[in-house]
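Work the whole structure out from these sequences, hints included.
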Amino acid sequence: MTKNRLLCASFSLALLLVYVYPVSAGSEQAAKEELLLYSRPNSGVVLQSGFSETQVVYNQGPHVAPRLSPDRNRVLFTSIEGGKPGVWITNRHGGDKERICDGFQAAWSPDGTTIVFQRDGRLVERILASGEERLVSPEGGPALAYPSHIATSSISANESGSGFVCADEAGRRLYLVVPNARNPLEPVLEGEIRSAPRCSPDGKTLAFQDGAHIYLMDLATRDVRQLTFDPGVQTSPVWSKDGQGICYARAPSPTAETWEICHVEVARPHIVNLIERRAHPGFDWSGSSPKSARVAELHGARLTVRQTLGTVTIENDWLILRVSRDGALLTTKGKDAPDTPMTLRVTDKRNRLADETVDISVVEDSEDTGAVRASFVANGGRIMTATIRMPRTRPFVEIAVEDGTGYVGFTADMELAIVPDRLSNDLVVGSKQIAAGATTVLPETPLVLGCLSDFNGMVVITGFSDITSFAVTNSNDGNQLTALTTTPGTTRLVIAVLAAGSMWQPAELEKHPEHATWSAQWEKPFHAEWRMAVRGAETAYSRTWNVRDLGALGGGALPIDETFVRAPERGVVYAWGRDVLTPADVLVPTDVLADVWGIDGYLTKLDIEGVRGYRTSSGGTPFRNLSLHGATWHPAFAHEEPTGEFGVLEVMGSVFPVDTDGVRSLLRHLGNDAVGLLQGLDNRIGEYEQFLRDLAAFCEAHKNEDQNGFFAAVGAQANDLLQSDRNSQGATIAQVEKAFQRVLAVVGTRDRLTLAAFERFCRLPGNEEWAAILDEFKGYLAAKEGRLWHNDTIRFELWYDDDFEAFSRRCLTFVAERHRILSEYRTWIKRTCDSTAQAIVAHPEFKATGDELRQTSHAVLRNRYYLEGDWCGETPLPTGALQ
Amino acid sequence: MRADVRRTDACRSLLMLLVLCCACDVAHAQITVRDQWQQTGKVSVEGAGWSVSFARDDAAVALVSDNQVVRIVPFDDQGAEADGIVSCEIAQTNSPDHVELHAVFSAGVKRLAVSFLVAREGTLRIRPAQATRGVLVRSPIAVGVLPGIQLEDILYRPQDYPKLSEVHVPAENCFAGLLAGNDGIVVCAWPDGGQRISLVKEEDGAKPPFGAIKIELAGADLHLTVLAAPAIWHIEKLQAGYLERDIGIEWKRPFPATYKTQLLLRGETTIPRTFVLQKKPFSQYRPEVGDCAWPVWFDGDRAFMRLSKKIPPRGEAIIYPMEDGEKTLMGFLHQTPVADIIVHRNKRAELPHGPRDAANVGFVACGGTGLMRRTIFALGLQHREKEFLTEYADFLADYVAIVQKRHIGYFRFIDETRKKLAAWLEERARDPEVREYLQQMIEQADRTEEGLRRKMELYGDTTPHEHIAHADRAAERLKELLDTPGTELFPECDEIIDMCNRLSWGHAESAGMRFSMLTREWAEKAASACADKPGALEYAETVRASIRDALNAAPPW
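Chains as they are written, first to last, in our numbering: chain A, 1 to 883; chain B, 1 to 557.
Calculated from the structure, these hints are not laboratory results. Glycine is no exception: its CB is placed at the ideal position from the N, C-alpha and C atoms. You can trust all of the hints, since none of them are fake.
Now the stretches of chain A that chain B is said to cover, found in silico as 3 or more residues with beta-carbon under 8 Å: (1) 41 to 55; (2) 656 to 668.
Chain B side only, calculated, beta carbon under 7 Å to chain A, not exhaustive: (3) G370; (4) T375; (5) L379; (6) L381; (7) E385; (8) F388; (9) D483; (10) T484; (11) P491; (12) E492.
Think about it this way: if two alpha-carbon atoms lie no more than 30 Å apart in a straight line, the pair counts; the simulated DSSO-like pairs of lysine-lysine are: (13) B:K309 <-> B:K252; (14) B:K252 <-> B:K279; (15) A:K778 <-> B:K280; (16) B:K405 <-> A:K778; (17) A:K84 <-> B:K479.
Dropping the structure here:
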């Protein structure tokens with residue numbers, strides 16, 4: 001018998017014991033105890049039992065993923081302590097903390113004797129007592145991740161023992177793994193698996209995350225149904241001990257730093273209990289009915305499909321889709337619903353409207369989806385055949401075109417069409433910009449928002465990868481927009497109707513009588529992430545307002561941080577993103593987009609990295625800020641700072657420059673960080689200047705297409721900017737480095753300064769400020785106790801301030817000079833972007849070149865350097881880049 | 001004898017001439033001497049608003065300051081008071097600032113010689129000579145004040161001692177009597193030297209006020225003055241309605257100075273604490289007590305109060321001027337050599353260097369360490385800054401050791417004082433009065449130790465030595481964590497630094513405040529417990545002096 005076979009035999013014995021002997025539950029009372037185990041930001045792993053809380057370990061982060069043992073006495077978690085990812089174990093009180101082995105994403109076997117985890121893309125099972133390991137991943141199979149145990153009988157009736165459920169490392173496929181199986185590994189389904197799937201205690205159902213939501217799979221039939229449909233994103237399902245409920249983590253967006261832990265019963269998934277706030281995903285739970293902090297009832301539990309007399313009606317909690325011979329009609333439900341119904345608009349290539357719908361049939365009537373198939377006819381000729389699907393859980397319909405070459409869209413009375421552009425400014429199109437009865441194209445975009453005329457609702461029109469371009473139609477009387485459609489060739493289109501509360505409002509623009517600045521008056525109907533878009537003749541301005549910024553504003557008008565030479569023509573404020581405070585029954589555009597596109601699509605199509613990501617410096621400076629408090633700020637007041645964030649200069653200012661190797665090393669690092677940050681500003685200016693050169697060349701190359709002198713004007717302005725020689729004045733990096741060298745030279749030279757000498761210094765003419773500081777310090781308890789000086793030798797290095805402050809001021813001057821230049825470049829590029837978008841609307845023939853120009857502009861704007869600012873209300877990602 | 005008298009008369013005449021000449025000079029017009037001893041048996045020295053009078057038929061020297069009268073009566077070794085003045089001579093002097101008079105008092109057949117130096121500010125220096133044991137400073141005294149200097153001022157009210165005709169007070173270089181009528185304060189001061197002080201009641205026993213301050217001078221000088229001004233001190237009955245409200249009380253200060261009062265402060269032990277009337281209201285943080293509105297302040301000349309559950313409105317608040325003005329206790333003391341003795345008592349002890357003498361590489365306070373952990377560790381830079389953070393960890397541990405060594409000093413003080421008390425108890429075991437007193441003090445030492453010991457409990461450790469060991473382990477753990485990149489272990493690093501903060505400056509303040517509160521209570525008990533035990537006074541003074549020294553190492557609140 002080979003060594004491997006011996007190992008397998010010992011594992012089989014161990015696994016047999018698992019299933020022969022049930023898990024020891026301990027005392028009845030202990031078994032009923034509700035235990036919630038999770039990592040909390042800035043705290044580490046805590047174990048909640050009822051109202052008591054125990055700190056288990058200090059490790060924090062989603063990757064820590066603590067797992068409670070079946071006997072509820074031990075905790076597995078992942079840590080990089082020591083520098084390498086490892087599986088660790090501790091008891092539930094945090095004692096006996098021990099590193100078991102390399103690996104991560106560890107999970108317990110049902111009896112707690114073995115664990116399974118990922119190591120280098122392979123799943124490994126380990127017997128805890130002996131330390132014996134065996135490879136679970138099949139030879140030659142894909143790299144696997146997120147393993148957890150499952151009885152192999154759940155996978156196949158012919159099997160027994162322990163198997164595993166997992167995903168591939170990219171999170172694209174879900175696998176059920178039977179060790180030593182003869183058949184090659186086949187995926188059970190494809191999707192976006194971003195957390196560990198978990199098998200129910202009875203082994204019949206699998207809970208897993210796919211994209212933004214959690215789904216259940218019947219392991220016998222492989223039928224899948226959507227379990228959670230909270231707005232935002234849900235992840236990390238954990239079954240209750242009785243298999244009746246599931247806890248999961250949810251957040252308004254996939255980039256959230258902290259998540260809420262919620263619980264639903266499988267039989268009543270629309271009743272959501274909030275269990276805990278401010279947790280990392282990747283938690284564990286052992287219990288059946290956790291204490292609830294808040295209960296919310298969600299829309300999205302019902303879906304009906306009816307077919308009567310050639311008409312198919314599909315209805316969910318928000319919408320009614322009625323497809324009949326006369327066409328497809330979409331009406332919204334609820335008290336805030338728009339009065340006017342919307343119709344599906346199908347036209348042929350010559351823009352002739354379909355006048356008849358034929359071959360109407362129900363093609364899907366499942367728990368989660370209803371679908372109807374129909375063909376659209378104009379003048380007796382078939383334009384296209386499409387399947388229209390309505391999910392149970394969201395207010396949208398998806399139109400999948402099978403054949404045909406016409407346009408698909410919808411007809412409704414709309415005040416505005418908005419093309420969101422978070423890198424530049426939103427394009428706001430009204431009826432006055434388009435000729436009466438005309439249709440015009442919009443710049444390339446993954447979605448368009450239509451503001452319905454009754455001021456309540458908003459329509460989101462988007463699609464999948466093949467849709468990037470939309471058209472908008474004006475009414476015949478030229479008073480309002482009537483239709484949003486896609487370009488030909490579209491195969492899958494989504495039309496969502498958001499009508500809960502006032503989703504958009506025209507903003508009343510007011511000029512400040514003294515400062516010549518503008519502000520936008522509006523009434524906030526609910527907490528959310530709002531976008532404000534203001535359009536003037538020459539310029540536009542858009543920004544995001546999140547709950548925190550609106551709170552800081554204290555209500556009232558929204559300030560407009562842009563100069564308008566002439567009065568802005570139009571302002572609009574509309575709901576865009578989600579916040580933890582957004583009511584559960586309100587869906588915002590990003591909720592729909594995460595569902596339609598999935599998480600990866602959401603991140604890439606909305607360019608979250610471009611909008612919210614940033615670089616610090618080319619040298620990888622860990623600090624993103626140079627200073628938040630100015631050159632004269634004193635570290636003694638650090639504990640009073642509410643933000644908890646500091647720039648490199650603040651940290652430098654807190655170090656006593658005594659003569660030690662560590663101090664020299666720290667100061668050298670921090671000084672280099674500061675210089676690196678400044679160098680980054682110059683580099684960024686260089687990038688913009690290269691862009692301007694490229695843009696001038698681009699405009700020169702396309703000047704023949706230029707009917708209106710647009711490219712010539714843009715190219716000339718780019719050249720003017722380049723030739724203005726903005727960068728030739730002011731401080732240089734060399735001067736900053738010199739100032740820094742003076743700081744380094746101080747280290748160790750003054751730490752033997754006596755109080756008497758310092759007092760003499762203070763008495764010299766011109767040093768009155770120092771004398772006042774010394775007097776003030778003498779009054780401090782710290783001084784009286786000798787914390788600031790001892791045996792007449794100054795411990796508190798006051799003299800350092802002079803040299804450090806000179807360096808600090810030099811840095812800040814440098815930043816101010818460069819910031820002015822960068823601001824000018826950014827503003828000009830954004831204006832070029834905006835005017836290009838307007839030009840596309842006015843001259844559709846301009847679209848291809850205009851879109852290319854906008855793309856290249858976005859490319860330079862998105863590659864943001866943190867210190868250039870101009871966030872326009874966007875929240876920078878915690879670490880600069882997407883995880 | 002006759003020749004001596006003649007020579008003295010001649011000198012006196014010469015001096016009178018000189019003084020009268022001086023009196024004509026505006027610049028030196030403060031002192032006027034009227035010597036009519038030969039004619040009427042009276043001598044008076046007068047200045048701006050005050051006079052000192054000697055009269056043959058009166059056994060006392062009368063000091064009158066703005067209608068506030070204090071009579072000084074010497075007494076002999078047996079305690080017999082003077083019954084007359086036999087002679088009063090003006091000594092020759094070249095100073096325009098003072099006049100010296102030599103008076104001989106009769107006490108039966110005895111003669112008590114006393115020298116009086118009268119300064120132009122109206123202060124007296126009383127120097128006892130032949131057979132003079134001490135003086136009675138007679139005046140109706142509503143409240144006696146034993147200034148605490150670093151300790152709390154102790155107030156003696158006659159009604160607090162209904163059964164005592166004489167209340168004994170530790171002789172700690174100065175004493176003040178707030179005169180009935182609220183318009184005067186008599187202040188006495190003396191150098192070190194075994195004096196004995198008591199407050200003597202009028203003959204009808206319990207009824208206020210005290211009639212005199214009795215001072216056994218032990219051969220040393222006594223400095224004395226009367227501070228007089230309308231409503232120079234004030235007594236405010238505190239009412240329940242004062243709770244959590246700004247109350248303007250019906251009293252205005254007669255002149256700008258630093259005024260003090262005594263109010264109860266809740267804490268480990270609730271004792272009257274001295275509060276200065278500040279220039280404006282504000283809130284202050286004190287360990288053990290927390291944030292608290294400062295209870296007394298002036299708005300212009302009017303006094304205001306804001307009392308709370310932490311400083312409850314109970315009893316009376318007695319307000320009197322202590323510093324920063326001529327008519328204050330310290331203002332008077334600074335005219336005497338006693339001021340130096342008192343000022344030198346208050347010398348705060350500096351923190352020593354730590355055992356490893358680690359360099360102070362970071363800003364030692366909640367601000368600096370907070371900044372350090374909220375950036376370096378929060379950004380995951382600990383591995384890059386390992387060299388610095390290793391020094392930082394050593395310094396944190398070192399600083400804990402510095403502070404905890406101070407705590408060891410607290411316990412050492414308690415232990416040494418208790419041993420001293422035990423030794424005295426053994427010596428004086430047969431004296432029931434002293435024995436009872438010393439036993440009380442030993443109990444107080446135990447109570448102080450127990451209270452402080454409870455405050456030592458932090459992170460499961462109970463002694464300063466354990467805290468030092470704990471911080472050393474924490475520093476080593478912090479160094480271990482420096483090998484881990486990223487922010488996963490930020491909470492632990494944060495906790496370690498926070499713990500070192502709490503064990504160092506945080507614990508220095510909280511345990512120091514506990515020690516301060518308990519020892520102040522002890523000092524108050526040490527004084528009040530010997531009110532009826534004159535034999536214990538020397539121990540009270542020693543204990544209080546030791547506490548004063550020990551408090552130099554504790555927070556000043």
